[in-house]
Amino acid sequence: MSTDTLEKPTTEMVKMNGMQAINAALVEAMEADPKVILLGEDVADREGGGVIGVTRGLSTKFGDLRVRSTPIAEQAIVGAAIGAAMAGYKPIAEIMLMNFTTVAMDMIVNHAAKLRFMSGGQSQVPMVIRTLTGAGNQTAGQHADFYEAWFCHTAGIKVVIPWTPADFKGLYLSAIQDPDPVMIIESGKTLFVPMDTPANQGPIPIGKAQVVTEGTDLTIVSYGQMMFTVMQAVEELTKAGVSVEVINLRTISPWDKETVLASAEKTGRLLVVHEAGRNFGPGAEIAATAQEALFGKLKAPVGRLGAPYCSVPFAKKLEDAFLVQPPEIVAEAQKLVAFG
Amino acid sequence: MSQTLTNRASPDAATQLDIYRRMVRIERNDEFTRAQIRQGRITAPYYSARGQEAIPSAISSLLNDDDKICTIYRGIHDMVAKNMPLRPLWAEISGRVDGTCKGKGGPMHLTHPETGVMVTTGIVGSSMPIANGFGWAALLDGSKQVTVAYFGDGASNIGAFHEALNLAGVWKLPVIFVCQNNGFAEHTRYENGTAVDQISKRAIGYGMPGYTVDGNDPIDVYAHAHAAIERARAGEGPTLLECKTFRFFGHVFGDDDKYMNPGEKDAAREFDPLPRFRQKLIDDGIATEEQLEQLKAEIEAEVKDAIEFAQSCEYPSVDELRRDVFAEEIPA
Chain H
17 MSTDTLEKPT
27 TEMVKMNGMQ
37 AINAALVEAM
47 EADPKVILLG
57 EDVADREGGG
67 VIGVTRGLST
77 KFGDLRVRST
87 PIAEQAIVGA
97 AIGAAMAGYK
107 PIAEIMLMNF
117 TTVAMDMIVN
127 HAAKLRFMSG
137 GQSQVPMVIR
147 TLTGAGNQTA
157 GQHADFYEAW
167 FCHTAGIKVV
177 IPWTPADFKG
187 LYLSAIQDPD
197 PVMIIESGKT
207 LFVPMDTPAN
217 QGPIPIGKAQ
227 VVTEGTDLTI
237 VSYGQMMFTV
247 MQAVEELTKA
257 GVSVEVINLR
267 TISPWDKETV
277 LASAEKTGRL
287 LVVHEAGRNF
297 GPGAEIAATA
307 QEALFGKLKA
317 PVGRLGAPYC
327 SVPFAKKLED
337 AFLVQPPEIV
347 AEAQKLVAFG
Chain U
3 MSQTLTNRAS
13 PDAATQLDIY
23 RRMVRIERND
33 EFTRAQIRQG
43 RITAPYYSAR
53 GQEAIPSAIS
63 SLLNDDDKIC
73 TIYRGIHDMV
83 AKNMPLRPLW
93 AEISGRVDGT
103 CKGKGGPMHL
113 THPETGVMVT
123 TGIVGSSMPI
133 ANGFGWAALL
143 DGSKQVTVAY
153 FGDGASNIGA
163 FHEALNLAGV
173 WKLPVIFVCQ
183 NNGFAEHTRY
193 ENGTAVDQIS
203 KRAIGYGMPG
213 YTVDGNDPID
223 VYAHAHAAIE
233 RARAGEGPTL
243 LECKTFRFFG
253 HVFGDDDKYM
263 NPGEKDAARE
273 FDPLPRFRQK
283 LIDDGIATEE
293 QLEQLKAEIE
303 AEVKDAIEFA
313 QSCEYPSVDE
323 LRRDVFAEEI
333 PA
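Sequence lines, in order, name chains H and U. The opening residue of the first sequence carries number 17 in my numbering; numbering runs sequentially from there. The opening residue of the second sequence carries number 3 in my numbering; numbering runs sequentially from there.
Treat the hints with care, as some may be off.
Below, simulated SDA-like cross-link-like pairs (lysine to any residue); rule was C-alpha separation at most 25 Å, straight line [what the hints assert, rightly or not]: (1) 273/H <-> 236/U; (2) 273/H <-> 324/U; (3) 31/H <-> 155/H; (4) 51/H <-> 236/U; (5) 51/H <-> 64/H.
Calculated from the structure, these hints are not laboratory results.
Chain U on its own, in the form it takes in the complex (with noise of 0.2 Å):
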């Protein structure tokens, strides 16, 4: 079964405001992406998060800098809002070498240890496996350090799923599962593809408490990711959150629509996280309507200000190809 969390922590006003912050930038940052690609200036394929913004900002406001996220493919959100700088960011999706990855990896595989962004996947399922290597890690240093491995609801049907929760189970490591469950794997919908309802039921067969969350609301997902990040640090094992989402451009950007019913996505956009989040903060006094556009303006300026840097930047040398192959530098 689902659990239900009693003791459920609220976050305070500030940190409403902080998690606000991260949507924004999230947003703001997907909304110039998809911009730029539809102007030819990035040419990468890109899995936007649209829609899905409220899961990891929420998470990330009870995260420190060195806890750590695994993530996949449609994962910018989840670095964003772990806090990376857009700059290395920008340059990275531009395949420029003053990317973060010096343009070797590329939007499906951006890497930022400093913010504690450790692995970007590729691969459906495979954020799960590295993340508890994290988790092991951090019970060698007897340190209480938390990772998170975000995934989707496709993943939750893969091999690598059950491996993986298996194990953190077995060894009570401190990783956070969050399935961002937005209701399509690529274009198969949910229920033609995962045979239970609830994705959190399966926690059960893993020895570890398993939630439904309103991945739309954070402050349910601040609730129960407070919940589960305790229960890590405290060295009592893992959690599963299912977080219910929706995802608004599709599986890639470009896909059209038509494995959707006719009206969903519209009926899904009454439940997008960020106008219902913003009313709640005008309507409880933490922010003005003022405070907020000047938040967004700021955001806007450093997602500019980001997408300037990264095209002033050099493309790699090709040398780089014999470069990070191995530590010690392929002869020419």
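Isolated chain H (complex conformation) (with noise of 0.2 Å):
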């Protein structure tokens, strides 16, 4: 599969994972800008460098100040974060689990997302809150979910999902130096799955989604983990002979409207395709406007695939049925194909 079709290398490619390209992302935003902090669970060497390492080394180069471990208490992480940002710095803040964000929804959304209009643009709040989720690990019904939509639906607050390691990089890049509060949500295999990344990749802006394959037939829109899911069934649907535009949106909110809905109007289908709940997820925002921007441009219902009205389960047969597999893509890519 090629990842970085629309990626202009500029310089060699490296074979890095999402975590690499994180930790890169984070030690050349630390070298450059002394108010880049840091803090979450685990974070600093002492407890590990981060619960699967990404944060590996950067309290022993940039010191314990800037790198802060604390106890597990969300709420006090979001809140030190806002406070600190108002005072002119740039933290990132690590929720170790979507699901723990729950916990700190008051600093999130009532304080982090709101304090700029609530104050009249005195109050800044330029924070990143990086979070990690996904179905896949038998993680079951607290460890693994995608609330995006939450975040999304929160005016004030960015909502950005990367799917490659140079997606990370880059986008961690733009999300720190940004002025206002955006959520990086990094999902399981996207930290793990090494890909070929420019060694000098940088900032990616937030807001733009990425067209990866280019096709005339259908769009297919995804982001994340489930972008993997996507070539695997664009891969079969390319050899049944339909041709599909690929988009990795990137960022949720604000989402990229010109690119998704040029690429729709080109092709006159559009299935999205999330792994969070199919009811009001983002592939309904996404649908409701794609049908006013473009009725009676469309060739076919906009499709939408995410994961039933149930919690995360835990066995791995239900696991499987939950997330949302090749088959199920190829067959509602071919359905829309098929419609008209």
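Relying on the hints, combine the two individually framed chains into one complex.
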């Protein structure tokens, strides 16, 4: 699979995975800007440099005051990040798993996202919340949810879900320097799969999608680890003679309407695939926007694939059924293509 | 155990007068606010802090402009004590574009960084976790700046209190946690919602000193705040101050007092901090009756000017709905 079709490498490519890309982005950002600071559970080297080692080496390199392990106290973590951000720092707060953001919802939703507006622009909260999630590892109902729609629904916070290591590097560099709060959702598999990545990958703008493959019959929009599933399905579809334009959305809010709508208008068919629940998921917003903008120009109803209306299950058989699988994408795509 | 302070600092005469000036400014501002609400000129929920003036006044007399406060919806007294100018304050609570938050925050969410009023939250308990961030920033800056987190007795029962005080204790942050214990969490009496007789006793669980203070006595508040602020500036960490007081206008202005015991409020009025401190200043020869009347008149003039100013200001344009969501304006 080509993961960087439209990235234009200006330099040598190196194999790295998402974890390494995040670490590289953090090192680069912290070296360039002494205001970049980091906090979260176990993030310092004394505690192992993060639950899966993403922040390894940072406290040793930048000191324990800039890279601080915290108690298991998500409100305290996000609250401290908000205050430090308002005082001129650029904190990166790690909430170990996305389900744990529920414990910090007041700080994220009522404060980080709203203080700029509520203060008439006096308060700035330039912080990053990084959090890990995703089904597929049998972690069941409280360790694997995609709750991006909640935060997309909250005015004042940007929501980013990278796929490739290049995405991670580039989107982190942008998010850290963004003047507003940005949540970066790291989905399991994207952290571990090595891919060719430009050695000097620079910032990737927030709010811009990536057209991964160009096509003429159907546009598929996805993001995060679901992109791997989509790319498997696209291989099948290509063999079957369906020309698919794949869009890696990268930023879920504010999302790149221009790129998605232009592509859907071109192909006449749009399918949104995400791991989050299908009901009230980001796919619903994208589909509604597409039908508003392209009513009469689409050749088929907008398709949406996402998780069923239940908690993430434990048993492997159930978890496999819970996650959108390549055959479902192929079937849905074929249905849309056959529509008209 | 709640602790007893040794080495009590006392405010000198000029400082006592300064504290009194802040208290009168709060009291006059509150009186005029309630009058404006009664007259229908301001349409907003208002959480009067009448009765709690001594606490932020004594504390603010020890703070610099660049020291920060994070306060709560019952917090206008904390802001006025921190010398927030009254014109933008009144324009804000009147919902005008010249308000400190352009009319987008209102009385529960005033912000004024120039005087260190950083966050005013409408969520019980949420001033404390954010105050820690300012404390961390001060450590990173290597400054001697301190941050005061104000909150009520009810907020000491929410999780944010525990998380924030524990983190501040572990990180030895230069934050002073000031609980203004007015005896009621909304309509629930202290003892029906709080399992311990003194909130200051909880400090032991966070590795910091905790004091129960007479919040109606500015001299007692000053002594304890002095110790807490010195400790924070010296890098020794946070302190919990529980300042016991009373609120004379209920939870939200317009409440009835049915949840109070008969006569309770009248009994509390005997400890109203303002007349008592006024008499002390006169008895101690710090000020004369005439000087204090003059001070009151000056402050009333300032409040009236602010009200007139606010009423002359425009309401915000609806374009403001697209501004300040992000740094970049949202396209129309």
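Does residue 236/U lie within 25 Å of residue 51/H when you go C-alpha to C-alpha?
The hint holds at about 23 Å.
Holds or violated: residue 273/H with residue 236/U, Cα cutoff 25 Å?
Roughly 53 Å between the alpha carbons, so the hint for residue 273/H and residue 236/U is violated.
Pair hint outcome, residue 31/H versus residue 155/H [Cα-Cα no greater than 25 Å]:
28 Å, violated
Given the hinted pair residue 51/H and residue 64/H, is their alpha-carbon gap at most 25 Å?
23 Å, holds
Given the proposed pairing of residue 273/H with residue 324/U, does the C-alpha separation stay at or below 25 Å?
Judged against 25 Å, a Cα distance of about 18 Å means the pair holds.
In terms of the numbered hints stated before, the structure departs from hints 1, 3, listed from lowest to highest.
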